[in-house]
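Turn these sequences into a full structure, and let the hints steer you where they fit.
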Amino acid sequence: MVRLLEAGDAGLVVEYGDKVDPELHGRVLALYYRLAERALPGIRELVPTYRSLLVEYDPLVIGYQQLVETIEPLTAGPPRPCSGRLMEVPVCYGGERGPDLEEVAALCRLPVQEVIARHAAPTYLVYMLGFSPGFPYLGGLDPSLQVPRLARPRLQVPAGSVAIAGPQAGIYPQSTPGGWRIIGYTRLALFDPGSDAPFLLQAGDSVRFVPVKEGEHAHA
Amino acid sequence: MHTLEVISPGLLTTVQDLGRRGYRRFGLPRCGAADAFSLQVANLLVGNSQDAAGLECTATGPALRLLRPALLGCVGAGLPYLNGELLPGRASFHGRAGDFLEIRPAPPGLRAYLAVSGGIDVPVVMGSRSTCLRAGFGGYQGRPLRAGDVLACGPRRSGRPARAPAREADETGPLRVILGPQDDRFTREGLATLLDAEYRVTAECDRMGCRLQGPPIAHRGPADIVSDGVPEGSIQVPAGGLPIIMLCDGQPTGGYAKPAVVISADLGRVAQLAPLATVAFRAVGREEARAAREAQQRYLAHLADMLQASTGYRSFHVRVQGRSYQVTVEELP
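Residue numbers (numbering that gives the first Met the number 0), protein chains in the order written: chain Z, 0 to 219; chain A, 0 to 332.
These are computed hints drawn from the structure, not numbers from a lab.
Don't be surprised by glycine CBs; every beta carbon is placed ideally from N, CA and C.
Errors might be hidden in some of the hints.
[Stated by the list, open to error] Pairwise CB distance ranges, derived in the manner of DEER restraints: (1) Z:A75 - A:R322: 26 to 32 angstroms; (2) A:H93 - Z:Q65: 43 to 49 angstroms; (3) Z:E87 - A:L194: 49 to 55 angstroms; (4) Z:A75 - A:G220: 25 to 31 angstroms; (5) Z:R207 - A:P122: 33 to 39 angstroms.
[Claimed, not checked] Partner residues aside, some chain Z positions facing chain A, computed with beta carbon under 7 angstroms: (6) G7; (7) L45; (8) Y63; (9) P132.
The structure is reproduced here in structure tokens:
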């Protein structure tokens, strides 16, 4: 059941449900692509999330009723589960830049090598970007690796930290405070404001983690 | 051309225009002026286009030395002192090379906007000159101004000092909100609390958000939601029940339920909330929100017309294939 919800006078939320689910997310993305292709005047931002699409608009250019009439027929239709892009992210696990790896292994009652293998095995889905510019919320973590957030979040998580929390995996693009458990790091830049394509990832992309040793960290 | 030298930076002074558009889906906030309307007025007063970059000053503004003549204008919660002499706010004035300009606080508001003829000339990054403090890019080297920084401005256009007319009275009273998108996640009493109670702004009040203190707002069931989009002006209510109003540097997605969103015409007023200020909310419909936005646009259009009548250039709004453009035509001597 799709719900159209007002979010102020310049925002409309198209809500597909209230859970984290690839099929539901695929329907959010499908609407996102349909609207992005139409490039309607007055639409300023489209923000896809786990379960909804936020449409931000200029109410002096496109009225609410007109927006609703445009969007409603587009909410049905087949889901579009992914963008088709697969990004490989080289990760150096453990050590100083993966300070929580051993604790995660203890919490999961697994050897460290097994934690690495299980973290690097799946193909993850980028559900959305948020928290900080370019931060990907990744779904698809092996359920045996689910650990709670840190009781005391760190004031500084270094840029490039590869982290997990609950059913989610992520990568910190900038140095920010954060409460996820850091198991490794990547040198891949997720956000480069000076580049023509400033963001490495977008919602709908697939991500795989590739373990590398300290010395052989790729200059990707 | 080098125009301003920073003698002292003030509490938090950044280069801001109207912000970045189209990157919120990547987790990048709009950035830009927190009180965009005040920056637009300041720009018009000095003959700039409304979206030129100016300085956003927070509480105590900067002390600046002028390195060449310029037309300047200060709008919002700041008072301009030129060589020690107080000049009127909401007005533009001439400065000469060597002049000393200070922006002092003007409570009860929090932020002042200083526009300079030609606009602050910093590199355009991702479509904007605004400073993104969270990711450290844009504006002047991605950071707040420091003593010794030298700011360039674009070429100066002809223009005379002018004063902006007073605004009609929608600048006071409760902040206007539209209920939703998660008003159904709160009890009836919780929503009544939000709309009836008076809140006080805490010291945790920055460009990301403004935390309020007051009676807690009761959720119906669990407080957190699976993350969804967070428009500017969203009122987020975490489990503790105390609201946070999100501003221009707020993250675009979040997992706190939102009982209401402040209407776009009142976002500038949110940006002017200083610690200890009192806040109340009033629910309105789309029609009232639209009327308020139209009134703001009329004010800006009226100001632009008024200033054109006294200067040598004219600007036109042109619509081509559904897009709006602002075209400025200037008579050359």
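Against the structure, the hints come out as follows:
{"no.": "1", "hint": "Z:A75 - A:R322: 26 to 32 angstroms", "result": "29 angstroms, holds"}
{"no.": "2", "hint": "A:H93 - Z:Q65: 43 to 49 angstroms", "result": "46 angstroms, holds"}
{"no.": "3", "hint": "Z:E87 - A:L194: 49 to 55 angstroms", "result": "51 angstroms, holds"}
{"no.": "4", "hint": "Z:A75 - A:G220: 25 to 31 angstroms", "result": "29 angstroms, holds"}
{"no.": "5", "hint": "Z:R207 - A:P122: 33 to 39 angstroms", "result": "35 angstroms, holds"}
{"no.": "6", "hint": "G7", "result": "3 angstroms, holds"}
{"no.": "7", "hint": "L45", "result": "6 angstroms, holds"}
{"no.": "8", "hint": "Y63", "result": "5 angstroms, holds"}
{"no.": "9", "hint": "P132", "result": "4 angstroms, holds"}
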